[in-house]
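Novice: Residue-level listing of the chains:
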Amino acid sequence: MSDTASVAEDDPEVPEIDLPSDAFDAVLDAVSDLGPGEPLRFEGFSVARDADDQYVIAYGDRQTGLSEREFHEALDERAPAVTDWYTFEHVVGEFGPRRAFLRWIEDADGRTVADRYAALAAGIERAWGQLRITATVTDRGERRYDIRHADDAGVPAAELDAYEDPLDARDIVKLDAKGRYRPLKTAPTLDSGWVFPALSPRDAYETVETVYPATVVNWHRERQGELDVTHWRETMARQSGIYGVVRTWDRGEGHEHANWVAEACCDDSQCLKRREWEYDDETDLDVDGGDGVFPCREPCSVVVSGARKWTRLESEQSRTYEFELTPSEKEQVEAVIDAVADGRVDEIREADTKDPANRYRTRFLRAKRFDDAGNLSGTPTEPDDGSQ
Amino acid sequence: MQSLVIVAHGSHLNPESSAPTYAHADTIRASGAFDEVRTGFWKEEPHFREVLRTVEGDEIYVVPLFVSEGYFTEQVIPRELRLEGWDVSEWDSDGLSADQATLVAEDIDREVHYCGPVGTHSAMTDVIERRAESVTGDPDVGEGFGLAVVGHGTERNENSAKAIEYHADRIRERDRFDEVRALYMDEDPEVDDLPDFFESDDVVLVPLFIADGYHTQEDIPEDVGLCEDYTHGYDVPTEVDGTRIWYAGAVGTEPLMADVLLERAADAGADLGTALDDVRETTRVATGD
Numbered sequence: 001m002s003d004t005a006s007v008a009e010d011d012p013e014v015p016e017i018d019l020p021s022d023a024f025d026a027v028l029d030a031v032s033d034l035g036p037g038e039p040l041r042f043e044g045f046s047v048a049r050d051a052d053d054q055y056v057i058a059y060g061d062r063q064t065g066l067s068e069r070e071f072h073e074a075l076d077e078r079a080p081a082v083t084d085w086y087t088f089e090h091v092v093g094e095f096g097p098r099r100a101f102l103r104w105i106e107d108a109d110g111r112t113v114a115d116r117y118a119a120l121a122a123g124i125e126r127a128w129g130q131l132r133i134t135a136t137v138t139d140r141g142e143r144r145y146d147i148r149h150a151d152d153a154g155v156p157a158a159e160l161d162a163y164e165d166p167l168d169a170r171d172i173v174k175l176d177a178k179g180r181y182r183p184l185k186t187a188p189t190l191d192s193g194w195v196f197p198a199l200s201p202r203d204a205y206e207t208v209e210t211v212y213p214a215t216v217v218n219w220h221r222e223r224q225g226e227l228d229v230t231h232w233r234e235t236m237a238r239q240s241g242i243y244g245v246v247r248t249w250d251r252g253e254g255h256e257h258a259n260w261v262a263e264a265c266c267d268d269s270q271c272l273k274r275r276e277w278e279y280d281d282e283t284d285l286d287v288d289g290g291d292g293v294f295p296c297r298e299p300c301s302v303v304v305s306g307a308r309k310w311t312r313l314e315s316e317q318s319r320t321y322e323f324e325l326t327p328s329e330k331e332q333v334e335a336v337i338d339a340v341a342d343g344r345v346d347e348i349r350e351a352d353t354k355d356p357a358n359r360y361r362t363r364f365l366r367a368k369r370f371d372d373a374g375n376l377s378g379t380p381t382e383p384d385d386g387s388q
Numbered sequence: 001m002q003s004l005v006i007v008a009h010g011s012h013l014n015p016e017s018s019a020p021t022y023a024h025a026d027t028i029r030a031s032g033a034f035d036e037v038r039t040g041f042w043k044e045e046p047h048f049r050e051v052l053r054t055v056e057g058d059e060i061y062v063v064p065l066f067v068s069e070g071y072f073t074e075q076v077i078p079r080e081l082r083l084e085g086w087d088v089s090e091w092d093s094d095g096l097s098a099d100q101a102t103l104v105a106e107d108i109d110r111e112v113h114y115c116g117p118v119g120t121h122s123a124m125t126d127v128i129e130r131r132a133e134s135v136t137g138d139p140d141v142g143e144g145f146g147l148a149v150v151g152h153g154t155e156r157n158e159n160s161a162k163a164i165e166y167h168a169d170r171i172r173e174r175d176r177f178d179e180v181r182a183l184y185m186d187e188d189p190e191v192d193d194l195p196d197f198f199e200s201d202d203v204v205l206v207p208l209f210i211a212d213g214y215h216t217q218e219d220i221p222e223d224v225g226l227c228e229d230y231t232h233g234y235d236v237p238t239e240v241d242g243t244r245i246w247y248a249g250a251v252g253t254e255p256l257m258a259d260v261l262l263e264r265a266a267d268a269g270a271d272l273g274t275a276l277d278d279v280r281e282t283t284r285v286a287t288g289d
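Going down the list, the protein sequences come from chains E and C.
Residue 1 is where the first sequence starts when you use the UniProt record's numbering, and the numbers rise one by one after that.
Residue 1 is where the second sequence starts when you use the UniProt record's numbering, and the numbers rise one by one after that.
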């Protein structure tokens with residue numbers, strides 16, 4: 001997730017571009033709207049209409065009195081700059097987040113048209129969460145975007161399930177590779193094996209918006225210095241109904257509990273957003289917010305739901321229990337907790353009894369250490385429920 | 001540029017909760033009535049808090065895909081959308097008559113038209129009838145049939161029962177079905193005793209819920225006696241104590257729901273061209289089996 005586009009270096013040639021008539025017509029409309037002598041600026045040159053309805057092009061030198069056909073020829077020679085202007089002014093449109101995102105993909109505010117067109121001819125790749133976005137340009141100067149899972153980088157598109165409609169991504173993001181529901185779209189559990197091979201600029205934006213909703217707009221606000229972060233305390237204080245109870249957990253007496261929640265839910269292994277919210281305006285959390293390219297501006301609904309559950313659980317006081325375990329069994333209990341917390345259970349091989357969280361090992365521990373009521377080493381949860 | 005934002009509950013647990021929201025959004029997109037259709041959720045993404053910032057348009061209509069006025073439409077949604085100066089009196093509603101309020105959303109510093117929920121709109125009555133047609137496969141269903149409209153009841157929200165009674169009364173006045181009853185899950189008359197409330201041999205049971213989930217797929221089928229255990233499934237119709245019950249599942253999954261979303265936006269001033277007629281017609285074809 002670097003901030004500089006990676007560019008294949010094997011073909012630095014600026015590709016041949018034929019100026020399409022829709023781009024030329026847009027130039028004619030624009031100079032017509034500007035009025036005689038008013039310049040329309042492109043990278044490296046500008047054009048205008050003169051008082052006799054002929055055209056002028058200025059590039060250090062200038063050509064005047066051009067007929068529409070001569071004007072077309074002059075622009076056709078400069079088709080990369082004209083189609084670049086047309087792409088961002090007319091195809092991409094005004095909406096700030098979409099425009100900024102598509103310009104960022106090819107670093108349009110930092111590189112020349114020639115440089116970008118050469119790079120687009122080879123393909124400019126960007127990472128966005130688990131997505132791999134590859135921008136290219138057609139021989140008419142139109143942008144095309146290939147969007148797929150990063151794990152499928154380099155796989156021929158024909159070997160992947162191909163889609164055209166951005167809204168089809170709703171079905172792709174619904175379940176993970178094991179068929180389980182993904183309640184959090186930015187969890188790093190996006191399934192692979194699919195591709196949107198040739199999206200237009202607007203559809204590329206919509207596809208990203210569907211896979212990772214609102215991430216582009218928040219990234220855009222952050223780049224503008226306008227990300228509105230709502231911290232933990234403020235978010236919890238706003239809750240009502242069944243979530244109002246969270247306020248009883250969040251009494252302004254330290255923020256250790258918020259650290260635990262962030263470590264549990266917001267780590268990069270659980271969510272690809274970069275956590276920008278803290279405990280409050282003045283108190284940062286002590287755990288890492290992650291390295292994601294797009295920010296997280298407030299605790300999400302999954303965190304709030306978890307906080308509700310922990311509010312109830314954390315109202316209990318600690319007690320001292322006595323359990324009888326061998327040293328290996330004590331470490332095994334810890335390994336089982338780690339395996340569940342790290343989502344590693346399915347990776348443990350059936351007969352790998354060297355792994356402490358192996359199913360047979362765990363069943364053996366249960367057979368040996370649980371009593372008939374399911375109490376670990378026969379120790380009851382409530383002291384007066386003595387089962388042994 | 002005219003935008004529609006459909007806001008719905010969504011779920012952390014049930015992958016199908018958002019399905020009706022997406023389906024109705026697609027129907028409306030296909031109608032061409034709006035330049036843009038966005039969806040936002042309480043439990044999914046984009047969240048209510050962030051959906052408005054994804055909207056490009058300047059004429060924004062927000063329609064809650066909820067069955068009744070209450071906690072969500074009056075408190076949660078306006079708060080999370082950050083509608084400046086919202087007060088429930090803006091709707092001036094008796095619990096059924098919320099239409100729209102025009103307020104600035106602080107998040108985007110633009111005005112939005114915040115509409116009443118779909119469930120209390122008069123057009124919702126037609127969706128309940130259409131649901132009965134869909135589940136029986138008979139566009140003329142009515143004669144010889146009873147209709148039960150089922151909701152939560154007042155335990156959680158007094159307006160929930162108002163919406164159920166409102167639609168039941170309207171359908172009864174149309175004289176289409178032999179009998180029409182409003183039944184509830186957590187108060188009398190209870191849906192558990194459905195055969196006691198009907199003389200008809202056939203009764204269509206339409207739950208006034210937006211999405212199929214725990215209540216419509218587990219609770220009601222078991223309570224009514226369509227099955228002992230919901231995981232075993234049930235037939236449509238299933239005979240219970242001598243009454244054939246045609247269980248329709250959540251009314252919110254009926255394609256005609258898209259029409260109610262449009263009606264809400266139209267009431268708030270949206271220019272929809274011929275979309276209302278088009279959607280009424282296309283959803284009819286889609287369900288005509």
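Just so you know, not all the hints are guaranteed correct.
Label pairs and their in silico Cβ distance ranges [said to hold, decoys possible]:
#1 E/Glu-68 with C/Arg-79: 55 to 65 Å
#2 E/Leu-28 with C/Arg-174: 51 to 61 Å
#3 C/Gly-32 with E/Glu-94: 40 to 50 Å
#4 C/Arg-280 with E/Asp-33: 52 to 62 Å
#5 E/Leu-28 with C/Arg-79: 47 to 57 Å
#6 E/Arg-312 with C/Leu-13: 13 to 23 Å
#7 E/Glu-331 with C/Asp-109: 55 to 65 Å
#8 C/Arg-79 with E/Gly-193: 25 to 35 Å
#9 C/Asp-109 with E/Glu-350: 52 to 62 Å
None of these hints come from the bench; they were simulated from the model.
Ideal Cβ placement from N, Cα and C applies to all residues, glycine included.
Novice: Decide, hint by hint, whether the structure agrees.
Specialist: Here is how each hint holds up against the structure:
1. E/Glu-68 with C/Arg-79: 55 to 65 Å: For C/Arg-79 against E/Glu-68, whose Cβ atoms are near 57 Å apart, the range 55 to 65 Å holds.
2. E/Leu-28 with C/Arg-174: 51 to 61 Å: 59 Å Cβ-Cβ, so the 51 to 61 Å window holds.
3. C/Gly-32 with E/Glu-94: 40 to 50 Å: The hint (40 to 50 Å, Cβ to Cβ) is violated, given that C/Gly-32 and E/Glu-94 are roughly 21 Å apart.
4. C/Arg-280 with E/Asp-33: 52 to 62 Å: Violated, since C/Arg-280 and E/Asp-33 (Cβ atoms, about 42 Å apart) do not stay within the stated range.
5. E/Leu-28 with C/Arg-79: 47 to 57 Å: 50 Å Cβ-Cβ, so the 47 to 57 Å window holds.
6. E/Arg-312 with C/Leu-13: 13 to 23 Å: Given a distance of about 18 Å, which is inside 13 to 23 Å, the answer is holds.
7. E/Glu-331 with C/Asp-109: 55 to 65 Å: 57 Å, holds
8. C/Arg-79 with E/Gly-193: 25 to 35 Å: Violated: the Cβ-Cβ distance is about 40 Å, outside 25 to 35 Å.
9. C/Asp-109 with E/Glu-350: 52 to 62 Å: 58 Å, holds
Checked against the numbered hints given earlier, the structure breaks hints 3, 4, 8 and satisfies all the rest.
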